[in-house]
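> Going down the list, the sequences are from chains A and B.
Residues in the first sequence are numbered from 1 upward in steps of one, following the working numbering.
Residues in the second sequence are numbered from 1 upward in steps of one, following the working numbering.
Please note that the accuracy of each hint is not assured.
Each computed SDA-like pair below joins lysine to any residue, with the alpha-carbon atoms no more than 25 Å apart [stated by the list, open to error]:
| # | chain 1 | residue 1 | chain 2 | residue 2 |
| --- | --- | --- | --- | --- |
| 1 | A | K281 | B | S138 |
| 2 | A | K281 | B | V50 |
| 3 | A | K48 | B | H284 |
Simulated from the structure, these hints should not be mistaken for laboratory data.
The structure displayed is predicted, hence computed values, not measured ones.
Protein chains: 2
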Amino acid sequence: MTDITKERTAPHFSCTAIIGVGLIGSSLALALRERGLTDKIIGIDQDKDVLARAVALNIIDHAASSLKEGVQDADLIIVAAPVGSIGEIVARLGEHARDGAIIIDVGSVKGVVAAAATTLPERLFFVPSHPVSGTEQSGPEAGFASLFEERWCILTPLERNDDAYRGAVDKVAALWRAVGAQVDVMDAEHHDLALAITSHLPHLIAFTLIGAADDLESVTEAEIVKYSAGGFRDFTRIAASDPVMWRDVFLHNREAVIEALGRFTEELIALQRAIRWGDGKALHTAFERGQALRHAIVEAGQETASPNFGRDIKGDEGSEQN
Amino acid sequence: MTDITKERTAPHFSCTAIIGVGLIGSSLALALRERGLTDKIIGIDQDKDVLARAVALNIIDHAASSLKEGVQDADLIIVAAPVGSIGEIVARLGEHARDGAIIIDVGSVKGVVAAAATTLPERLFFVPSHPVSGTEQSGPEAGFASLFEERWCILTPLERNDDAYRGAVDKVAALWRAVGAQVDVMDAEHHDLALAITSHLPHLIAFTLIGAADDLESVTEAEIVKYSAGGFRDFTRIAASDPVMWRDVFLHNREAVIEALGRFTEELIALQRAIRWGDGKALHTAFERGQALRHAIVEAGQETASPNFGRDIKGDEGSEQN
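Extracted from the complex, chain A is given alone in its bound form:
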């Protein structure tokens, strides 16, 4: 939550290695390229097909055949893999990255990343990053350069106080600003609490609703689809997100998510009780809070003011019908 240096000069890297060329990795590659922040982009991915598609889409310049080959010349290394893989990747970077390289990740959980970073030598500068942005889509085809614009990126720097590391943090902050993001800095523990409520719990709730609907015998899937405009469809967007990414988030932010879930369940039981006992006043009081919070989110530029997210406006592809 500390404010960071206002360094606004866009940084420049001669060679960027991106490990994991999915939605976030691709979007960052496209944003770096569009703004001239790097001379060359090398892609690394377990999935050779993903790499070939990323080359064909001109997202990366070169597909590396191994992590070692891909990172050895890079002065910027972006780890855009699921949270569960970051530890192993970081350990290998300790061996293969060149002196002075800046490493960032883009993971949604930061405690586990900070723990993994303790094995890194001092010659490498790892600045854990979390751009709070994304879509429900996955893979290189889903990437786009403006994904980070007006969104927040949270940095959770390691406990290092040497000048070289502080310089690297400034440079990473400037990188995120250069791709359009606003930058916050906080410790990993607070990040994991804040994101548990603003991101992880909403995803868990959305997955839960899908599961509850799936299990009903009395209502058919066809009915759920047809009447989804009553509210259900809003939840399916985030429930369509990458299952591997989200599995890893919950496995690695267990305590904060269970804490947030506890609050959620208390509130849910209180509302259930109000429904059971016909306490209209309690329901009304609880329901009144939504409008003010949404208004604040719209005002902050994090949401559209258009009704129904603007998706039902005529001419939008949402109105295509078979």
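Put chain B on the given structure of chain A with help from the hints.
Relative to the frame of chain A, chain B by itself:
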């Protein structure tokens, strides 16, 4: 779920009375007018200011000074008031509506409406209706004529088998089709179960998440707003819906909502347990279901295929920033 007559000739009414000129009442007024389905529209509302605005916006032709005056000449009466008020309004219509008038409501709960209708004389034809569409906004300014296009409208006809009543049901179905909706027919009890899962539970969950976020001491509201693009903002749309309307929905569909809530809580506890015990396989299996269901909803024309509901596309007002 029975299929209804395919009567597609648009009906015509000489005088339409709309009781409750909010989002749905206004939208229906605008749709009727745009398609030439009525010669005249009279508005009735407890709130005189709402009525004056509806006249100024050219949504209604005339603001009635009382329910009696407003409905006495109407051959179509639309009850667009919160579910909790429908019973009392219907009882008064039994006194004041003219012989042969067709009455529809637009409420989100149908069991309570069917119960209210038992007091009506046979000379009136009440066809309970629920257009499964809406936005998070309220009041006459929020209305628009295309609100019902491509959405489903569910009819839950009363237990009357006379030809005149069946004719009225056909005419109401044709009315909804004429404003762009697709029509389903089912009994009130099944409606209330199906909508509990596709609409009422999602709203309750969204209100619950807002409350849980509000109660956290460790994370500030400013942080919730800033990082809401991580998923939270999706829930605020339906949580910004009219608190009175939703209070009434929960008070009048108690049993079905509590049943749906039971399924939801079971699923939530199962996922919480998987998180606590680090059961990645169970989480992955649960999370995989979201993509298929969303795909089905997009295919059915009930949702946009654009990432992030299309709201982050440049040029959209969602990208305005202060």
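> Run every hint past the structure and note whether it holds.
Now for the hints, and whether the structure bears them out:
1. K281/A x S138/B: 20 Å, holds
2. K281/A x V50/B: Holds. K281/A to V50/B sits at ~24 Å (cutoff 25 Å).
3. K48/A x H284/B: Satisfied, since the Cα-Cα distance of roughly 23 Å is no more than 25 Å.
Violation of the numbered hints given earlier is absent; every hint is satisfied by the structure.
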